[in-house]
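A.B. asks: Can you build the whole structure from these sequences, using the hints too?
2 protein chains.
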Amino acid sequence: MQLLKPFSFCVVALTFGVVVAGCRSSASTQSESQILIDTDAAFARAAVASGTARAFRKYAAPDAMALPQGANPVRGRDQIFQSMLPDSGQLTWTPRGADLSKSGDLGYTWGEYQYRAFETNGIGAIRYGKYLTIWKKQPDHSWRFVTDIGNSSPPPK
Amino acid sequence: MQLLKPFSFCVVALTFGVVVAGCRSSASTQSESQILIDTDAAFARAAVASGTARAFRKYAAPDAMALPQGANPVRGRDQIFQSMLPDSGQLTWTPRGADLSKSGDLGYTWGEYQYRAFETNGIGAIRYGKYLTIWKKQPDHSWRFVTDIGNSSPPPK
Chain A
0 MQLLKPFSFC
10 VVALTFGVVV
20 AGCRSSASTQ
30 SESQILIDTD
40 AAFARAAVAS
50 GTARAFRKYA
60 APDAMALPQG
70 ANPVRGRDQI
80 FQSMLPDSGQ
90 LTWTPRGADL
100 SKSGDLGYTW
110 GEYQYRAFET
120 NGIGAIRYGK
130 YLTIWKKQPD
140 HSWRFVTDIG
150 NSSPPPK
Chain B
0 MQLLKPFSFC
10 VVALTFGVVV
20 AGCRSSASTQ
30 SESQILIDTD
40 AAFARAAVAS
50 GTARAFRKYA
60 APDAMALPQG
70 ANPVRGRDQI
80 FQSMLPDSGQ
90 LTWTPRGADL
100 SKSGDLGYTW
110 GEYQYRAFET
120 NGIGAIRYGK
130 YLTIWKKQPD
140 HSWRFVTDIG
150 NSSPPPK
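Listed in order, the protein sequences are those of chains A and B.
Residue 141 in numbering that gives the first Met the number 0 is what sits at position 142 of the first sequence, and the numbering runs on without skipping anything.
Residue 139 in numbering that gives the first Met the number 0 is what sits at position 140 of the second sequence, and the numbering runs on without skipping anything.
FYI, nobody ran anything at the bench for these hints, they're computed from the structure.
There's no promise every hint is true.
If chains are identical, the list can't say which one is meant, so a pair holds when it fits in one copy or spans any two.
What the hints assert, rightly or not - Listed next, the in silico SDA-like pairs over lysine to any residue satisfying Cα-Cα at most 20 Å (straight line):
# : residue 1 : residue 2
1 : Lys-156   : Val-73
2 : Lys-101   : Asp-86
3 : Lys-156   : Pro-67
4 : Lys-57    : Ala-45
5 : Lys-57    : Lys-156
6 : Lys-135   : Ser-82
C.D. replies: Structure representation (C-alpha cells):
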C-alpha cells in the first residue's frame with residue numbers, strides 16, 4: 000500500500016478536522032436527534048403492548064413530572080404511574096420532530112396522539128392531540144423522559 | 000513574582016483540569032439554568048407590557064413552533080404572531096422550573112399561567128394552566144423559544 004505523501008496527509012487531516020469541527024459547532028444533526036425519535040417510538044409501542052401506565056413507568060426518569068391537561072402537575076415516576084391507573088383507554092402517538100443539545104444529554108420530541116376510551120359497547124370516540132416530551136440521558140446512558148405535556152387538537156380534516 | 004515550581008504547576012494544572020472536567024460532566028447547576036428562568040420571567044413581563052402576541056414575536060426563534068390547546072401546531076414566528084392577534088385577553092405566567100443541557104445551548108422552562116379574557120363589562124373569568132417551553136441559544140447568543148405548549152389546570156384551591 001502506498002503511503003500518503005505528507006502534503007496529502009495534511010489535506011486529509013485538515014479536511015477531517017474541518018468536518019469534525021463543523022459537526023461539533025453546528026446544531027445537532029438529524030441523525031443525532033433520531034435517537035430521540037426512535038426512543039419515543041419505542042415508548043409508543045410499549046404503551047400499546049403493555050398499557051399506557053406501565054409504559055410511562057418504564058420510560059420515566061425517577062424524578063419525572065407529568066403535566067396532564069385539566070389536572071395539576073404530577074411529580075415522580077411512581078406517582079405518574081398511579082395517576083394513570085386504571086388504564087381507561089388506548090393512547091397511541093407518533094413522534095413528528097426532535098432536537099438534541101450539542102452535548103447529547105438533553106433533548107425533546109413532539110408529536111401527535113390519539114386517545115380511544117375503552118367503552119362497554121366497544122366503540123369509543125377518538126380524541127386527538129399533540130405532546131411535547133423532554134428527554135434526559137440517565138447515568139446508565141439510557142434515555143428517560145423528565146417532563147411530558149399534551150393538549151387537545153381538532154380532529155383531522 | 001516567584002515562579003511556580005514544575006511540581007506545583009502540575010498540581011495546579013491537574014486540579015484545574017479536574018475542576019473543569021467535573022463541571023463538564025455534572026448536570027447543569029441551578030445557577031446555570033437560572034438564565035432560562037430569568038429569560039422566561041422577562042418574556043412574561045413583556046407580555047404584560049406590550050401584549051401577548053408581540054411578546055411571543057419578540058421571544059420566538061424564527062422557526063419556532065407553538066402547540067396551542069384545541070388547535071393545530073403553528074409553525075414560524077410570524078405565523079405565531081398572526082395566530083395570537085387580536086390579543087383577546089391578558090396572559091400572565093410564572094416559571095416554576097428549568098433545566099439546561101451541559102453544552103448550554105438547549106433547555107426548557109415550565110410554569111403556571113393565568114389567562115383573563117378581556118370582556119366588555121371588565122370582569123373576565125380567569126382560566127388556569129401550565130406550560131412547557133423549549134429554549135435554544137441563537138447564533139447571536141440570545142435565548143429564544145423554539146417550541147411552546149400549554150394546557151388547562153383546575154383553579155387553585
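A.B. asks: Compare the structure with each hint and give your call.
C.D. replies: Do the hints match the structure? See the list:
no., hint, verdict
1, Lys-156 - Val-73, "between (33 Å within a copy, 16 Å between copies)"
2, Lys-101 - Asp-86, "neither (37 Å within a copy, 36 Å between copies)"
3, Lys-156 - Pro-67, "between (25 Å within a copy, 18 Å between copies)"
4, Lys-57 - Ala-45, "within (9 Å within a copy, 40 Å between copies)"
5, Lys-57 - Lys-156, "neither (34 Å within a copy, 32 Å between copies)"
6, Lys-135 - Ser-82, "neither (22 Å within a copy, 32 Å between copies)"
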